[in-house]
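The opening position of the sequence shown corresponds to residue 1 in this note's numbering, with each subsequent residue numbered one higher.
Keep in mind that the hints were calculated from the coordinates and are not lab data.
Beta carbons: idealized from backbone N, C-alpha and C, even for Gly.
Worth double-checking, as some hints may not be accurate.
Pairs of lysine-lysine residues, derived as DSSO-like cross-links and limited to a Cα-Cα distance of at most 30 Å, are as follows [stated by the list, open to error]:
1) Lys43 to Lys153
2) Lys194 to Lys158
3) Lys44 to Lys153
4) Lys123 to Lys153
5) Lys153 to Lys194
6) Lys123 to Lys51
7) Lys123 to Lys194
Label-pair distances were calculated between CB atoms; the ranges are [claimed, not checked]:
8) Gly130 to Leu161: 42 to 50 Å
9) Ala56 to Ala128: 26 to 34 Å
10) Gln195 to Glu135: 15 to 23 Å
11) Ala55 to Leu207: 42 to 50 Å
12) Leu207 to Ile147: 24 to 32 Å
13) Ala59 to Arg188: 25 to 33 Å
14) Arg111 to Asp58: 42 to 50 Å
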Amino acid sequence: MTARKKGRLTSLAAGRPPTAQKPKSISRKATKALINAHHVLDKKRAQAVAKGDRAAEDAINSRINDLGGIEKYQLASLQGQRLDRGGDSSRILMDWLNSSASMSISSTDPRLKMLEVGALSTKNACSASGIFDVERIDLNSQSDGIIQQDFMKRPLPKDDLERFDMISLSLVLNFVPDAVARGAMLCRTLDFLKQPGTQYSSSQRDLFPSLFTVLPAPVG
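Could you put together the complete structure from these sequences and hints?
Structure representation (structure tokens):
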């Protein structure tokens, strides 16, 4: 068996499962089971890739496709973000920020800029907070307010006007095929974050710039 050489990550698409037509709705129990199954299979697929086991990788991709691919996963994730199903992960971020002793936003403060990678919705907690102007990107956009774009191919910012105070990678890194590629993605976020400095108010300097990352339990 010939191991495939790990290459530099240039696209997130390689880590995404195949797409399939999405159904109209999923029950709460089925939503949780589907999301968990995807995360477990993604971890197993990454292990197969690391071992150079193409047969196992293809078998896992087939199982992911049988589950409905990335589109059904995204539909399940969108339903999981509903308030009656626990809400989206950015609610945790907002809870942290709002409970921070050093976080204070006045009406005279300019809005902070956030880049949300892997965005599913334009109506999550960060978008509704009034604190952030959010730019949203995803490989498979589900909304007019989300740009279809690969973060690893996004043009580098020319200056701080094109950089962000916060970057969100919620359930994104788990789709990147291996540890080296995940490290490359994390390093790349530094190019898109503003430099710490006096542009922040005294109440914000301990918190920004920041990277918010969420991993599923199977890969945590």
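We went through each hint and held it up to the structure:
Note on Lys43 and Lys153: the hinted pairing holds, with a Cα-Cα distance of about 24 Å set against a maximum of 30 Å. With a C-alpha separation of about 11 Å, the suggested pairing of Lys194 with Lys158 holds against the 30 Å cut-off. With a C-alpha separation of about 26 Å, the suggested pairing of Lys44 with Lys153 holds against the 30 Å cut-off. Proximity of Lys123 to Lys153 is assessed by CA-CA distance (about 25 Å); at most 30 Å being required, the pair is judged to hold.
For a cut-off of 30 Å, the pair hint linking Lys153 to Lys194 stands: about 19 Å separates their Cα positions. For the hint pairing Lys123 with Lys51, the CA-to-CA distance comes to about 40 Å; that exceeds 30 Å, so the pair is violated. For the hint linking Lys123 to Lys194, the alpha-carbon distance of about 25 Å falls within 30 Å, and the restraint holds. For Gly130 paired with Leu161, a C-beta distance near 21 Å fails the hint of 42 to 50 Å.
The hinted range of 26 to 34 Å is not satisfied by Ala56 and Ala128, whose Cβ atoms lie roughly 42 Å apart. Checked against the hint of 15 to 23 Å, the C-beta distance between Gln195 and Glu135 comes to roughly 19 Å, which is consistent with it. The hinted range of 42 to 50 Å is satisfied by Ala55 and Leu207, whose Cβ atoms lie roughly 47 Å apart. In this structure the hint that Leu207 and Ile147 lie 24 to 32 Å apart at CB holds, the actual value being about 26 Å.
Remark: the range hint 25 to 33 Å for Ala59 to Arg188 is upheld by a beta-carbon distance near 31 Å. Between Arg111 and Asp58 the beta carbons are some 46 Å apart, a value that agrees with the proposed interval 42 to 50 Å.
Hint compliance for this structure: hints 6, 8 and 9 are broken, all remaining hints hold.
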